[in-house]
Structures are given as C-alpha cells and as structure tokens.
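Visitor: Read off the chains here:
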Amino acid sequence: MRAPMTSLPLVLRDTGFSAGGVEILHDLSLAIAAGPPTIVLGPNGAGKSVLLRLCHGLLSPAAGEIRAGGNSPSTERTALVFQRPVMLRRTALANVAYAIGRKGARERAAALLERVGLSHLARRPARKLSGGEQQRVALARAWARDPEILFLDEPTASLDPAATRAVEDIVAEIASQGVKIVMATHDLGQARRLAGDIVFLHKGRILEHTPAEDFFAAPKTPQAAAFLRGDLLT
Amino acid sequence: MRLFRLVLAFAAIFALAAPSHAQEKSIVVASTTSTEGTGFFKYFLPIFKQKTGIDVKVVALGTGQALDVARRGDADVVFVHAKPLEEKFVADGDGVKRQEVMYNDFVLIGPKSDPAKIAGSKDVVEALKKVAAAKAPFVSRGDRSGTHVAELALWKQAGIDPQTGKGSWYREIGQGMGQALNTASAMNGYVLSDRGSWIAFKNRGDLAIAVEGDKKLFNQYGVILVNPAKHPNVKKDLGQAFIDFVVSPEGQQTIAAYKVDGQQLFFPNASK
Amino acid sequence: MSDLSQALSVAFHLMFSGNRELWEIVGLSLSVTLSAVAIATFLGLPAGAFLAFCRFPGRNALIVIFNAAMGLPPVVVGLLIYLLLSRSGPLGQFGILFTPKAMIVAQAFLVFPIVVALSRQVIEDLWAEYSEQLRSLGSGPLKSVGTLLWDGRFSLVTVVLAGFGRAAAEVGAIIIVGGNIDGFTRTMTTAIALETSKGDLALALGLGFVLLFIIVLVNALAWLARRTGENLAGA
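Protein chains in written order, with the working numbering: chain A, 1 to 234; chain B, 1 to 272; chain C, 1 to 235.
Source of the hints: derived by calculation from the structure; they are not laboratory data. Take these hints with a grain of salt, some might be off.
Straight-line alpha carbon distances no greater than 27 Å define the calculated BS3-like cross-link-like pairs of lysine-lysine that follow [stated by the list, open to error]:
1. 117(B) / 130(B)
2. 143(C) / 103(A)
3. 143(C) / 220(A)
4. 117(B) / 215(B)
5. 216(B) / 117(B)
6. 25(B) / 51(B)
Based on the sequences and whatever the hints tell you, model everything.
Guide: Rendered as structure tokens:
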C-alpha cells in the first residue's frame, strides 16, 4: 500500500538557476502530475541535469519557486539515479542496504537485488561490477528509498544496448508500482519507448510540454522538430 | 578497520596507564656521556641495586647540560667531572654538598701522522701551543662538558684563545665525547678525551695517544645531591643512599675493580 | 664497505641469538611508537574529517598550519615538551619526564599533524566524489563522515603508516624527553645514536638493520591486513 502522495504535483513557477555567474535555467514554469513517466528531452547543455537536481532537492533555485505537492523538494521522498553512480566500497548488497536505515535492511536489499536480477552478485564488491550492473545496483538502491518520484539523469548514456534494455525494463517495473518517473535523456528511441509525456528543454528554457504521441508526431516548435531530425546538437 | 583502531587505542591507554615502576625505589642521576660511554654505569649500577634494591636511572648528557637538568629539579643526584661548575652549583644552592668520588685522566689524542709534532710529549700546555702554531685540526666538544671545561682551562694556561682558530683549525662540534672522537678520527685531528672514553672507543682510525701523564690532565669526578630544599620532589633519602655507597669503602673498591681491556679506568679518591 | 658487511652479520647475530637486551629495546620502541600512533590516530582522524567537512573562518590558515606541522623538527618538539614536563615546568607535577610516557607524548605530537593533514586530504577528495550521492541517499553530516572514514579506510591506513614511519624513525624528540636511560627509555633509535657516539659503528649499523627489518615487518602486516580486509568486506 503506498502512502498518500505528498510530492506531486511537482510545480515550478518562474524558476531560475545560475552557477559561476552564468544563467543556466530561465523562467521555468512547469507542472508534472502523477501518471506515466515524464521524459525530459533536450540536447547537451540544455540544463536537464540541473532541472532534475532542483526537483530532487539537491540544489536550490536562484529565482522563483519549486513545490512538490505543496512542500519543498526533499531527498527523503524522492530519489535520483545519476548518470555515473557512486558505488560505496562494499558489496552490492551493502550498497542497497545503506539506503535503508532500519531493521530488516539486508532482507529488503536482497529482495530488491532479486528484482533487478543481481542476486548472484550480491556479495561481490560493488566497485568491481560492470557499468550496467552498477547502474542496476543504483536503481535498486534508489528503489529502496521508497520514493514517490524517481528522477533519472541519463542513466543509460554510458551503457551498451543490452545493459540499456535491462535498465529500461527495471524503470518500467518501478513505474508500474506507482512510482512517478521523471527521466532525462537525449536518446530518442528510449524516450519513445518509455514516455507518457515529454518536456522539451533547450538552452535553459522549456519549449514544449506535451503528451508523447503528439510530440513525436507533430512537434510544435522548430527547435523540437530539428531535435527530432537529429539536427539540434546544442 | 574499526576493530584494529580500537585495539591500538587500548594499547595506548594501557601503555599510558601502566604503573611506572619508577614509583618504586628509583632515582634519576644526571651524569655525563663520557662516563656512560665507558660502560661504567652498566657495571656499577646492578651491584648497587643488588645491595640496596634501588633502581638508578642515568640520564647521560654533557656536564653543563646535566647540571642544568638538575637545576630544573629533574634529577636527584649529579655525578659529573667539572669542579668549577660543580662548586658553582652548590654555591647557588642547587646542590647540598660536593664530594669527590674518583678520578681518571685526560689524554690528548692525535693522528699518527702528528702534524704538530707533539707525540710523546709530557707537557700538554706546550703541546697545545704547537698545535695552534701548526694550525693542526683540533676538535673541541664545545658543550660545557667536564672535558670541554678542562680543555678551555688548558688553552688558557697556554695563553692561547682558540677562538682565533674558529672556522679554520679549531672545530667546535657541540656534541659528546664519542662524537668528538669520531670527528677527530674522520678529519685526522687532535682532540682532548678522558682516558675511559678513549679505551672504550672502537672507531680509532688513525688516532693514537699523543700526550699523557701530565698532572694538568687530572680529571676529578664529584657527586652532589640536588637540594631538596629547592626542589621538594628530590628523593633525598634514596639519593643520599647512592652517594653514601659511592664514597663508601665497598663502593670505592667496586669502582677500582672496573676494567676495560684489562685496564683500570677510574681511580677512587673519596675522602675518608 | 667492510663496515657494511660487518654490520649485516652483527644484525643477524643480534636477531637470532635471542639477545634479551635487544628484544627489550625493540619492545620498548614498538610500544612507544604504536601507542603514540594510536593516540594521534584516535584524535587526528576525527579532526581531519572535521577540517575536511566544515567551513569556518580561518579554515584555510588551519590547513596550511597542519600541512606545515608535518615537518616539525623532532628535536624542537622534544625540547618544548621537555620544558613543559620538567619539574620546573607547568606540567612537572605529573613526573613523567624521563619515562616512556613522555616519549609517547612527544611522538604523538609529531604524528598528530600528519594524520590530520593527510586524512583531511583523503576525506576531502572522497567527499568531492561522494557528496551528491550521499546527500541524495539522505545521509546527514554524521552518517556521511562515518561513510567517508569507512570508504576511505585503505587510504587512511596508509596515512597511519606514514605516521608510524615518522615516529619509528625519529630520535631527536625521544632522546631529550626520555633521556636514553639504559634499560628504561632506550629505544632502537636512541641506542643507535649511543653506539654511534661510542664509535661502535658496526653495532650501530647492525641495530639500524634490525630497526629497518621491524619497520618493513609492520608495513607488511598492514598490507596483509588490507588484503584480508579487501577480500572479506569487498573493496
């Protein structure tokens, strides 16, 4: 039984973010509701990573506000899978158990590793696993946090197709459990496979937020169209 | 890792908490490196311990430093060989009474090549004049030790200020007798040493005794109890027991019996 | 060179003839050094972690001071601690001058800055790598420090070994505060200093070889412990 949702809808109002004197995100206004996965699309440097970190609560906006179901964004109720996960110097099982700070952590961690297909590697040092296996451990670890929203920042950008597929399957399974997925990617095929709706980001601005079929069939903006053609590189 | 650190921490606490056997009968005697270097204490102290059960901890420094340590109250007894410094020590109220214990002599050591041409001489003052005239390398302890004090007195008698040779032939090293002998051996120079240290010294190289037997080379050892009136922590009964033994007939005989390479090093002369 | 071969054979004889005095000296050296390192580590690792983590005015100055203090001249430290522990000094009433305790104190002072400065660097580097991930996993400052210390344990062991090396090798501090008393505060390094001053260079060098052997042995044991740790807990 899921606890009552308190992190959704995720609402951004005139949100901005700067670093090193450079404005990275400008006047973002966005509302993400519960439901199928939201994919954040955009070329490199669009600001996808920063957007996810703001929504997760790792960064604070320089302007505007972000509300997650009426509260501030919190790392307690949401989780983030980074493009390159940091594995702690311990076993895969211990890495997942680390995220669960209570009794029965090891049992739950073992169950989660089973769900991501890594039971046979539970006692292996996590740092010695392959990139795809580490990403699955990271997924199990994020899942262990029991998040309402699971953010993923280009989780398969460094992985081969087989590993990518394995990660996508797990993401789909987590989504089917009722967890809201918000995932950044620049992989169009991946977006097509997973998306419920698309947020298109370009140069720190949200240019489109539309249901997936509509976006892929008939993008509203020229930049989105160029991106879908593969012509928009930055 | 945590366990390992815990074990180490326990070891540390244990080491610090371990009762220091010093709390039982023991005293600190400040003495000189030349005396210790001869092995005298290694021979003498077990005999004393067996007789009295008192542990003697000898801190071996130069005479000047030994007296400084005592002045700070960090020793119970001083056992050194520089009469003027010892008398000042008592006069300043830092020591109770000076008693003579034993003597040996100094010898002037030099290279067999003998650039100053003094080998075999019986007059050390004349010999030093020749060393200065020849500007032959001379190593001084330079550390306010008994040997240093004696050396300076001899230069004074020769009417020479050795500081005029500083930087060229007169080399002050500020270290103990062993180091001075090592240095002299390495630079084929002259050095004043007490006979005991010379006999025990193993790195002679090309060195040999150049001058000996002159009455001016007489080296007297004295023993003084650090003044408990000035330093209440001084173990005056145990310290006095040490002094009493050292000047007693039995102690004096024990001193005389100490030999290195068949040679007697120290000659007891405590007043009866 | 004949001194060298003579010294080697002296070293062999010393080690295998069961010379009681030698093993007493070795025992004292190890107990003083290991105790000092334990104290310095116990206090220095949390201090290094604190310095890595917290930001406060004067932090950079403190980092520079600790880095510089890694090179504290032992003889200066020995002299300062002697003045502190002397009967005429402020801490004289404890009466620990010229005892192994004073030597432990002096060496702890020498090793402490090494542990602080190096562990700070290790933890700061690790924090740069870990901070986002740990915060995302909901680890507060206390839990994060613990995680960093544990995850950095292999580098931190090397830090402790650096401290051990410094303490095992020094003589300037312990000879002043310990007094090099025969059978009581005479350690390997102070014995070597004494035999050198007596001109018995073969014995001094022989003792030196024994000391080197002991130091290598300690490092080998640490390496072995690390390997076992890596295999058991999973690096």
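Visitor: For every hint, state whether the structure bears it out.
Guide: Against the structure, the hints:
| no. | hint | result |
| --- | --- | --- |
| 1 | 117(B) / 130(B) | 8 Å, holds |
| 2 | 143(C) / 103(A) | 16 Å, holds |
| 3 | 143(C) / 220(A) | 48 Å, violated |
| 4 | 117(B) / 215(B) | 21 Å, holds |
| 5 | 216(B) / 117(B) | 20 Å, holds |
| 6 | 25(B) / 51(B) | 13 Å, holds |
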